[in-house]
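Engineer: Residue numbers (this note's numbering), protein chains in the order written: chain A, 1 to 330; chain B, 1 to 291; chain C, 1 to 321.
I should point out that these hints are in silico values taken from the structure, not numbers from a laboratory. Keep in mind the model is a prediction, meaning the values are calculated, not measured. The C-beta atom is built at its ideal place from N, Cα and C for all residues, glycine as well. You may find that some hints are simply not true.
Unchecked claim - Here are the computed lysine to any residue pairs in the SDA-like style, where the Cα-Cα straight-line distance is at most 20 Å: (1) Lys237(C) - Gly75(A); (2) Lys237(C) - Pro113(A); (3) Lys237(C) - Val114(A); (4) Lys129(C) - Leu21(B); (5) Lys129(C) - Glu210(C); (6) Lys129(C) - Gln283(B); (7) Lys180(B) - Tyr116(B); (8) Lys237(C) - Gln162(A); (9) Lys180(B) - Leu197(B); (10) Lys180(B) - Pro152(B); (11) Lys129(C) - Pro68(A).
What the hints assert, rightly or not - The calculated label-pair distances, taken between Cβ atoms and stated as ranges, are: (12) Ala28(B) - Glu67(A): 38 to 46 Å; (13) Ala135(A) - Ile210(B): 43 to 51 Å; (14) Leu24(B) - Trp61(C): 55 to 63 Å; (15) Arg66(C) - Pro59(B): 56 to 64 Å; (16) Glu227(C) - Pro83(A): 18 to 26 Å; (17) Trp61(C) - Val18(B): 56 to 64 Å.
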Amino acid sequence: MSGASPVRSLPALEVRGLRTQFASRGGIVHAVDGVSFAIGRGEILGLVGESGSGKSVTGFSILGLVEPPGRVVEGEILLDGRPIGHLAAGAMRRLRGAQVAMVFQDPLMTLNPVLRIGTQMAAAVRAHDRVSRAAAWDRAGQALATVGIPSPRERLDAYPHQLSGGMRQRVAIATALLHSPKAIIADEPTTALDVSIQGQILAEVRRLADSTGTAFLWITHDLAVVSSLADAICVMYAGRVVERGPADAVIAAPRHPYTVALVGSVPSGHAPGERLPQLAGGLPPPGGDPGCLFRTRCPRATTVCATPPPQGDFGAGHTALCHHPVEHAA
Amino acid sequence: MNATALREGWAEYRRSPVAVLALLVVVAVVALALLAPWIAPQDPYNQAGLDLFDARLPPGETGSGGYVHWLGTDNAGRDLLSAILYGLRLSLTISVTAGLVALVVGAAIGLAAAYYGGWFGALAMRVVDLQLSLPAILLALVMVAMLGQGVPQLMLALIAAQYAYFARTAFGAASAERRKDYIEAALSTPLSGGRVLLRHLLPNTLPPLIVVVTVQIATAISLEATLSFLGLGLPITRPSLGLLIANGFQFMLSGRYWISVYPGIALMLTVLAINLVGDQLRQVLNPRRRR
Amino acid sequence: MLGFFLGRLAQAALVMLVMSVLVFLGVYAIGNPIDVLIDPAASPGQRLALIQQYGLDLPLWQQYLRFLGSVLQGDFGNSFVFRIPVLSLILSRLPATLELATTAMLIATLLGVPLGIWAGYRPQARSSKAIMAVSVIGFSVPTFWVGLLLILFFAVEFRWLPSGGRGPTGALGLSIWSAEGWTFLLLPALNLSLFKFGLLIRLVRAGTEEVMGSEHVRFARAQGLPERQVVGLHVLKNIGIPIITVFGLEFGSTLAFAVVTETVFNWPGMGKLIIESITALDRPVMVAYLILVVLLFVLINLLVELTYGFLDPRVRVKGAP
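One chain only, chain A, in its complex shape (with noise of 0.2 Å):
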């Protein structure tokens, strides 16, 4: 683990139990179902999972953006210890891009076309502090210096298609750390780039965790991406957590059989950002099952399956909700 963390201080950002749901015409859908975790200052946890389970509404569920028809039923989410899930809309809303942010998927789409980036960061900054026009554009510059923007003032003046993919997404990143949060929410933010690009943010992302010591949740469906950028992985399937633990522990020696998976399918030698070939079967639609949900995919499947799985330990906080976990030479 790098950025030697205290040993048990609070952790910047925990999730306790989190339920989402969506009401749909078939019935709910439980999009997160009982997800726990917690990253400490300066960390990275990756959350790693297929599309459609779940990992990016837990990260809107964290910051309360969850849109109609779905719904945060449960759960508890603590900012330094804080609970912040049942807060009004005005206190959730000042909340929001100063203590939490969060950065998505695809700049192009994240950016308005039509306004300038410093219009759009200026408008960031003083959504929270009550400063001039001119002093939010200049804080804007500054931030865009710090994730690595050469000429930041001119860049502030561009409208977001005068900028290049990589060079997009570092100023969402920069737009994020505006106000120093707590606790970054990054979903998917280098799927749309190019490998080499995709390489140069990683590092800008871990010398800024290490740096402000701000924690981030690192969303991605790539386990190339966080095996070299993550402190903790947690491996999400249909709604729950599956596995988790160190990223060293849970990349070499992986215990649930969908892990397994998602590390053998990694290939050797592998390009990150190249997507996981898929698994065999669909993604079950989670909810109203107490088994396992990867039963129906799995290759170790038995008819105990359809019981709760047990949770293994396998030291060093590493755990797999597994009937049949996998076994590692030692």
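Dock chains B and C against the given chain A, drawing on the hints supplied.
Structural biologist: Same frame as chain A, but now just chains B and C:
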């Protein structure tokens, strides 16, 4: 369109009570217009049957014919209820005919432009776009000014003012389909081009065209009434709704409101109902809604 | 940018040329203007002299060139009815129509944009559904009929406002300088605005709904922007471009629709003039009106495209060499 698709479409349509009500109004209006000669108390086109002593009777009065004028009479002594029924019949005949002819002409131009493409397609659509940038009322005015008054002239003016909407719609839908691989594949087989046009391009343009034809018929009714109101539509001996309203206008300021108001209500309800039906059809036929 | 501009200008000129041919053929070649011009009792000699004076004995293409030549010099001939130069006749009616159309567009925009934003911001609210119902009524009910209803209620029943005509005019030939002028202007402007009002609500609502569902609004919210800012900055700027486009394009059609409103409210503008000219077969006025209106349309289109280029940074870059 098979039976299941129709049933599903209807289920989707039924979700809006307002749209169902609008559809009922449209059906009722069409029925009244069709049955006008049998249900109207009087033949308003028969000049000999009109009695000037009956002019401008308020609603509910009994005239010299011995029957009650439920909606009153106009300044020529016409029973307004009869005049409205016949007026609806005339307005609907003109608008529906003009709308359908414009549909056929416009769709043919749009399909041909999409199918052949090249300079022909570009030129045809350029003309259509130019015409679309001018308001329909202006084009209709010009046509009426040049052609003079009368039913065929009016229809021609409406067709000229409206075909471009169909051409644009058909072109849009057909050229989107034209670019798909299976059309290219079909064209490279010995199948005739005409078959591709009729089997593949035409069916794909139908849903949007159905929506446009509904809305355009409402527009045509409105346009015809407007032209008649301006005195550029039909001769006074065969009053359409617009002309009835125009005739009543001069008496409105003296408080004889009914001569204008009742035909106006009939016009408003008809146009509004057709538009609401068109709106709901747009929702039902929207390809993004269908899986 | 300059090349783009010149290209558009050439296109506009071509459109005008084609329209002038169509209008010439349409109005001049159908029917014989001599029948209108000459007293039926005139002698054959007088008749021939007049035919030669108007060049009506020349082949059609020569007549067209003569027509085009004088039009380019601003000479549209004299009105058969008013016996004065057509151009000055139309220009004298222009302020009334412009004033009516501009006021109508302003009413439509000032009411339609906020209502449309609200309906797009809260699409499921009852108030939004009511707004949409009003908009459907606004653009489906014929303008002249709404005009009659306005007169019936505000002029005949309540006697609040005059039923027609125009108030005293002041500078620039406008009637907006006095309160009395406004009492005459209000009803016709309201009447003319209704169609655009309905249209704008629909357009703005669709635009707002799209922007509100976009990723950049989500991102803005994730930054903690207050809703007021989300709407004021993102929604307004994004829907601003289509609104200005429509405003420009619809201004032309508002001028055309003024024909109806001016007739209903007896408003002495260009529209009323053209209707009178059509009924009186006053060909020079018809020709001049049509050419001027088409010219206006072409100019507005040109202007809108240029404005569009300035407003949307993406177009601006593409347009640049």
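Engineer: Given the hinted pair lysine 180(B) and leucine 197(B), is their Cα-Cα distance within 20 Å?
Structural biologist: Roughly 13 Å between the alpha carbons, so the hint for lysine 180(B) and leucine 197(B) holds.
Engineer: Does the structure keep lysine 237(C) and valine 114(A) at a Cα separation of 20 Å or less?
Structural biologist: 7 Å, holds
Engineer: Has the given pair, lysine 129(C) with leucine 21(B), been kept, meaning a C-alpha gap of at most 20 Å?
Structural biologist: 17 Å, holds
Engineer: In this structure, is the beta-carbon distance linking tryptophan 61(C) and valine 18(B) contained in 56 to 64 Å?
Structural biologist: About 57 Å separates the Cβ atoms of tryptophan 61(C) and valine 18(B), which means 56 to 64 Å holds.
Engineer: Given the hinted pair lysine 237(C) and proline 113(A), is their Cα-Cα distance within 20 Å?
Structural biologist: 10 Å, holds
Engineer: Tell me if the straight-line CA distance from lysine 237(C) to glutamine 162(A) falls inside 20 Å.
Structural biologist: Holds, because 18 Å separates the two Cα atoms, which is no more than 20 Å.
Engineer: With a cut-off of 20 Å on the C-alpha distance, tell me whether lysine 129(C) and proline 68(A) pass.
Structural biologist: 19 Å, holds
Engineer: Mind checking the alpha carbons of lysine 180(B) and proline 152(B) for me, to see if they're no more than 20 Å apart?
Structural biologist: 41 Å, violated
Engineer: Between alanine 28(B) and glutamate 67(A), is the Cβ distance one that fits in 38 to 46 Å?
Structural biologist: For alanine 28(B) and glutamate 67(A) the Cβ distance comes to about 42 Å; the hint holds.
Engineer: Take the C-beta atom of leucine 24(B) and the C-beta atom of tryptophan 61(C), compute their distance, and say whether it sits inside 55 to 63 Å.
Structural biologist: 58 Å, holds
Engineer: For the pair supplied as a hint, lysine 129(C) and glutamate 210(C), is the alpha-carbon distance within the 20 Å limit?
Structural biologist: Cα-Cα ~17 Å, so holds.
Engineer: Is the gap between the beta carbons of glutamate 227(C) and proline 83(A) within 18 to 26 Å?
Structural biologist: 24 Å Cβ-Cβ, so the 18 to 26 Å window holds.
The earlier numbered hints that this structure contradicts are 1, 10, 13.
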